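Line by line, the protein sequences give chains A and B. Each residue of the first sequence is one higher than the one before, counting from 961 in the working numbering. Each residue of the second sequence is one higher than the one before, counting from 961 in the working numbering.
FYI, nobody ran anything at the bench for these hints, they're computed from the structure. Some hints here could point you the wrong way.
Identical copies look the same in the list; a pair holds intra-copy or inter-copy alike.
[Said to hold, decoys possible] Calculated pairs, SDA-like style, for lysine to any residue (alpha carbon to alpha carbon, straight line, at most 20 Å):
hint, residue 1, residue 2
1, K1019, R1004
2, K1019, S1119
3, K1019, A995
4, K1019, G992
5, K1019, L975
6, K1019, R979
7, K1000, V1016
8, K1000, L987
These figures come from a predicted structure and were not determined experimentally.
Below, each chain spelled out in residue letters.
Number of protein chains: 2
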Amino acid sequence: MGTQPEPSSTPRTALNRERVVRAAVALADEAGLEALSMRKLGQRLGVEAMSLYNHVANKDDLLDGMIDVVFSEIDLPASDAGWRTAMRQRAASVREALARHPWATGLMELRTTHGPTSLRHHEAVLDCLREAGFSIENATHAYWLLDSYIYGFAIQEASLPFGTPEELVEMAEIVLPRVPAETYPRLNEAAAAALAAGYDYTHEFEFGLDLILDGLERLLDSARESGATVH
Amino acid sequence: MGTQPEPSSTPRTALNRERVVRAAVALADEAGLEALSMRKLGQRLGVEAMSLYNHVANKDDLLDGMIDVVFSEIDLPASDAGWRTAMRQRAASVREALARHPWATGLMELRTTHGPTSLRHHEAVLDCLREAGFSIENATHAYWLLDSYIYGFAIQEASLPFGTPEELVEMAEIVLPRVPAETYPRLNEAAAAALAAGYDYTHEFEFGLDLILDGLERLLDSARESGATVH
DNA sequence: CGCTGTATGCTTACGACGTAAGTATACCGG
DNA sequence: CCGGTATACTTACGTCGTAAGCATACAGCG
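Could you build the full structure based on these sequences and the hints that come with them?
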């Protein structure tokens, strides 16, 4: 077709690191992290496993690349909308990305090194908080608090085996008989209420997030009261 | 020696599920989860790998047992000290257990089934909150919020590669040159402050926890105001 | 006492894994 | 045209979880 490439004997489009990493992300999304092997990934790309090592140092390097993809899908906090809405948007963006790639939280625990995408992200969040008037210490507190909550929520959401209300009902039918109301009355009343109301993760997430943001706002106000932050 | 056991040809103490699981926990603590293989575990117990399958259905079953051990190390909330101190103690207990076994958070994501120890734990926490006057919905909110924070914090603590102030200084020397102050000013000022103050995870953890508990207390008060909860 | 499960251990073997080492091919700049 | 570089393939090693089969030792029972 074109004039330069497609030299007749390499039918497949050229392999490169990005294509390898993206295919790995797609494979992990579809089949889970434990199904991601170099051989299966090669198969998916029409290539032998060892050929992947021309584009990726080893499997850990591949996993690092996958983490970077996830980070790149997270919106940086908007700088023009006030810290609170910026933090809300970022939190939602993180949760969406982690829900899209349920394997990501598990990976981020193992791979401790942070790529430039991750660093840029951290920098932007800290900057947003500092610009809003948080002291260095309080910005650090706020960051730990928000990230702990967001990641912890994403993990629990990912490990609970239902996403839709139908799956919730389905799972309740299987699990609840093993949780008799006599020994676990509190679990049962909570489960009954959740089933009746049609449980919604997003609503649950935002409830906790707003409670935390309220606390941070009070922290900011009381710090302002007792002496302005250097800005 | 004794009259009944020790029939001269089985020198080692009898193997059973508990000994296998405990050895697995110890091995994972020392060498990490990725070093836990059935062969190495057998070696540690003076036994071939396949012999372990007489006491454990398969590796997943072993992992489930390990999770149960971790849960059994977590103190149930005290029922006689008020919900706030009970939640504080439980939170500290969870964090300690997860810090003692850094592999636990990673496992709990994968193994979604909950054993009786886990169920009992959930029940006790919910009961504590309900007794304190939280509505069913608010107790559920509080549980999600607290657990998300605790687990998220534990994960970040485990994945950050330092535990002592010395290790922090050591790591800073390695990492900071790769995080230039011109492009990452906020990260650098935060790192500098943490280095100067001697960063303390426990302090950081309790700061966020107290902020959350403050928020929950307000929630409880405002619910009390607008009409008592059925109790 | 011997007979007979049953519990517990060991050996061997299979297929999948990550990846080191060596080889073949196809392109590009001289 | 020629040599180097990039990319792909083949083969092979050690490790993994575990299925299948075999050995032994003990308990209950006649």
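Evaluation of the provided hints:
no.	hint	result
1	K1019 x R1004	within (16 Å within a copy, 28 Å between copies)
2	K1019 x S1119	between (24 Å within a copy, 19 Å between copies)
3	K1019 x A995	both (13 Å within a copy, 17 Å between copies)
4	K1019 x G992	both (15 Å within a copy, 18 Å between copies)
5	K1019 x L975	within (17 Å within a copy, 37 Å between copies)
6	K1019 x R979	within (15 Å within a copy, 34 Å between copies)
7	K1000 x V1016	within (15 Å within a copy, 30 Å between copies)
8	K1000 x L987	within (9 Å within a copy, 31 Å between copies)
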